[in-house]
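Asks: One-letter residues, chain by chain:
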Amino acid sequence: MTHPLFASFSGAIEFIFTPQESNVTGGKKVGGFDKSLELVLRHLEVTLLALALAVIIALPIGLYLGHRGKGELLAVGIGNAGRAIPELAVIALVATLIGVGLKTITPALAILGIAPIIVNAYVGVRQVDPAAVDAARGMGMSELKIIRKVELPLAMPTVMGGVRGAAIVIIATATIAPLAGVETLGDFIINKNVYGENGLLAGAILVALLALTIEGLLALLQRSLTSDGLKLKTG
Amino acid sequence: MSSPMLLATAGHVGEGFFRERNLENLPCQARESELFCWHWATQNIGRYGTPTVQHLEIVVLSVLIGFVVAFALALFAHRSRWLQPPLLAATGVLYTIPSIAFFFLLLPVTGLGRDTAIIVLAAYTLQIIYRNTLLGLANVPASVKDAARGMGFTRRQILWRIELPLAVPEIIAGLRVAVVSTIAIATLVVFISAGGLGTEMYGANLTFPTSIIIATTIVVLMALGFDLVLLTAQRLVTPWRRAAAR
Numbered sequence: 000m001t002h003p004l005f006a007s008f009s010g011a012i013e014f015i016f017t018p019q020e021s022n023v024t025g026g027k028k029v030g031g032f033d034k035s036l037e038l039v040l041r042h043l044e045v046t047l048l049a050l051a052l053a054v055i056i057a058l059p060i061g062l063y064l065g066h067r068g069k070g071e072l073l074a075v076g077i078g079n080a081g082r083a084i085p086e087l088a089v090i091a092l093v094a095t096l097i098g099v100g101l102k103t104i105t106p107a108l109a110i111l112g113i114a115p116i117i118v119n120a121y122v123g124v125r126q127v128d129p130a131a132v133d134a135a136r137g138m139g140m141s142e143l144k145i146i147r148k149v150e151l152p153l154a155m156p157t158v159m160g161g162v163r164g165a166a167i168v169i170i171a172t173a174t175i176a177p178l179a180g181v182e183t184l185g186d187f188i189i190n191k192n193v194y195g196e197n198g199l200l201a202g203a204i205l206v207a208l209l210a211l212t213i214e215g216l217l218a219l220l221q222r223s224l225t226s227d228g229l230k231l232k233t234g
Numbered sequence: 000m001s002s003p004m005l006l007a008t009a010g011h012v013g014e015g016f017f018r019e020r021n022l023e024n025l026p027c028q029a030r031e032s033e034l035f036c037w038h039w040a041t042q043n044i045g046r047y048g049t050p051t052v053q054h055l056e057i058v059v060l061s062v063l064i065g066f067v068v069a070f071a072l073a074l075f076a077h078r079s080r081w082l083q084p085p086l087l088a089a090t091g092v093l094y095t096i097p098s099i100a101f102f103f104l105l106l107p108v109t110g111l112g113r114d115t116a117i118i119v120l121a122a123y124t125l126q127i128i129y130r131n132t133l134l135g136l137a138n139v140p141a142s143v144k145d146a147a148r149g150m151g152f153t154r155r156q157i158l159w160r161i162e163l164p165l166a167v168p169e170i171i172a173g174l175r176v177a178v179v180s181t182i183a184i185a186t187l188v189v190f191i192s193a194g195g196l197g198t199e200m201y202g203a204n205l206t207f208p209t210s211i212i213i214a215t216t217i218v219v220l221m222a223l224g225f226d227l228v229l230l231t232a233q234r235l236v237t238p239w240r241r242a243a244a245r
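So the protein lines, in turn, are chains A and B. Residue numbering for the first sequence follows numbering that gives the first Met the number 0, starting at 0 and increasing by one per position. Residue numbering for the second sequence follows numbering that gives the first Met the number 0, starting at 0 and increasing by one per position.
Keep in mind the hints are simulated off the structure, nothing from the lab. Small disclaimer: the values here were computed from a predicted structure and weren't measured. All residues carry an ideal CB built from backbone N, CA and C; glycine is no exception. Some hints here could point you the wrong way.
[As the list claims (entries may be wrong)] A few chain A residues that don't get close to chain B, going by computed Cβ distances all over 10 Å:
id: 1; residue: Asp128
id: 2; residue: Met138
id: 3; residue: Thr174
[To be verified] Looking from chain A toward chain B, a few residues come up when the C-beta cut is under 7 Å (computed):
id: 4; residue: Ser7
id: 5; residue: Gly10
id: 6; residue: Ala83
id: 7; residue: Ala91
id: 8; residue: Leu92
id: 9; residue: Ala130
id: 10; residue: Val206
id: 11; residue: Ala210
id: 12; residue: Leu211
Construct all of the structure, not just a fragment, from the sequences and the given hints.
Replies: Pasting the structure below:
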C-alpha cells in the first residue's frame, strides 16, 4: 500500500530509466533512458543555439548603448516590452506565419532572450565608475578597447545576470517547442496520449532538473568570469 | 503558407489537451493567406471577454498571494539577517523551474485547473518582490532611523512608519515587474486547462494568426495598464519624492 503521490513520482522515475507500455503505439514501448537522454540533448541543443544567438545579437547592442550613455528609454523600453510578450504567442505566431522546425524556432526563442541581455548589459555598463573609463581613455585606449577591456569586465556580474535570465526564458519556452515541430523534453509533456501520465511527470521532472543544472553552471561561469578585484569589493 | 503543416502537427499533438475551437467560425486565413482578418475579428471580438476576465482573475490572485508571502518573508529576513541567503536561494530555485514543468510537477498534488496555475504563478513572483522589498528596506539611510530612534520610536514603529514608507518605490518597482511578467506567463495556464487568454492563442483544431494577434494585444495592453496604475499609485503614495525632484 503506497501513497498515490509516491506512486505517481516513482512511476515517472521508472519511465525515465526503463521503457514503458503505451496505449497508442501498438505494443511498442515508449520512454526509457535512451529516449530521455536523447530529448535532454535535443532540449540542450535548442537552448544553447538560441542562447548563443541571443547573446551575439543583444550583447553588442546593450554594451554600445551603455557605452554611449544614450538610449536609456530604448533599453528600458525593450526590457519592459520583452517581459510583456507571451512566450506562447511568439512560438504560435512564428510557427503559423513563418513555419515550423529548428530553423524558425531557434530565432524565435532567441528573440525572447534578447530583452534581458540588452537591459542588463546597458545597466551594467552605466554602473561602471566613470573615473575608470576616463583613466583608460587617458591611457590612449580606443573606444572599442575601453568597452572590451574596462567596461565589460566591470559589468560582468550584471551582464551574466541578463544571460541567466535569458537562459531561464529560453529553456522554459523550448518546452513548448514540440508544438512547432521541434523535438525537446516538452514531447513527453505535450504528447500525453503517447507517453501517458508517467511520461508527463517524467518530462516535467527532467525539464526542471535541466533548468536548475544550466542555471547552476551559468552561476559558476559568472563567478569565474568575474575578476577577483570585483569579488573582493562585493564580499 | 505552412499553416496546414502546423494544423496537422497541432491536431496530432494537442488531442484532448487544449480547449476545442468552433470549426464553423473558419476565418479568412484558413482560405486565403492574410495576416489579419478584420472581418473575422469584428465578428468574433466577443469571444475574448471570458478569457480576459479569467486571465485577470488568475493574475490578480497570483500576485496578491505572492506579494503577501514575499512581503512577510522580506520582513523576517530584514529582522533576522541570517535568513537572507537561504531565502534568496529558495525563491531563486522556484523562479528557475520552467512554468510548464512546474504545472505538471504539481499535477499529482493539486490536479488540473486554476489552483495549480495560481500556486505556480504566485511562486514566480516571490523572488522579485522579496528582493526588492529587502533592497528598499536596506536603502533607508541610517541617519533617518537614528533620528526616529532619538524621537522615541519603537522598533515596530520605525519599521511601519519610517522604513516601509521609504521603501515604497522599490517595493512597487518589484510589483510592476511581477505583474507584467505574470500577465505574460499566465497565457501558459492553458496547458493545465485553467483558461485565460492562452486558450485563444493555441487550440487543437485551429491555430491562426488573427486570434493569436488579438489575444497577444489584449495581454500587452493589460500589462501596460497595470504598469501605469502601479506607477501612478507609487507617485500618489510618495508625494515627498515629487517635492524633492522639483
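Asks: Measuring Cβ to Cβ, find out whether methionine 138(A) lies farther than 10 Å from everything in chain B.
Replies: 35 Å, holds
Asks: Against chain B, run the beta carbon of alanine 130(A) and see if the smallest gap drops under 7 Å.
Replies: 23 Å, violated
Asks: Should the hint that leucine 92(A) touches chain B count as held when the rule is a Cβ pair under 7 Å?
Replies: 5 Å, holds
Asks: Measuring from the C-beta of serine 7(A) to each C-beta in chain B, is the shortest one below 7 Å?
Replies: OK, holds: serine 7(A) within 7 Å of chain B, min 4 Å.
Asks: Please check whether glycine 10(A) passes as an interface residue: C-beta within 7 Å of a C-beta belonging to chain B.
Replies: With Cβ-Cβ at 9 Å, over 7 Å, it is violated.
Asks: Return the status of the interface hint for alanine 91(A): holds when the least beta-carbon distance to chain B is below 7 Å, violated otherwise.
Replies: With a closest approach of 5 Å, the alanine 91(A) hint holds.
Asks: Would aspartate 128(A) pass as off the interface with chain B, using Cβ distances and a cut of 10 Å?
Replies: 20 Å, holds
Asks: Classify the hint on alanine 210(A) as holds or violated, based on whether any CB of chain B lies nearer than 7 Å to its CB.
Replies: Holds, because the Cβ-Cβ distance from alanine 210(A) to chain B comes to roughly 5 Å (cut-off 7 Å).
Asks: Would you assess whether threonine 174(A), listed as outside the interface, keeps its beta-carbon beyond 10 Å of every beta-carbon in chain B?
Replies: 5 Å, violated
Asks: Quick check on the hint: leucine 211(A) CB to chain B CB, less than 7 Å?
Replies: Given a least distance of 6 Å, the restraint on leucine 211(A) holds.
Asks: Does valine 206(A) pass the interface hint, meaning its C-beta sits closer than 7 Å to a C-beta of chain B?
Replies: 4 Å, holds
Asks: Restraint: alanine 83(A) near chain B, CB-CB cut 7 Å. Satisfied or not?
Replies: Given a least distance of 4 Å, the restraint on alanine 83(A) holds.
Of the hints listed earlier, those the structure fails to meet are numbers 3, 5 and 9, in rising order.
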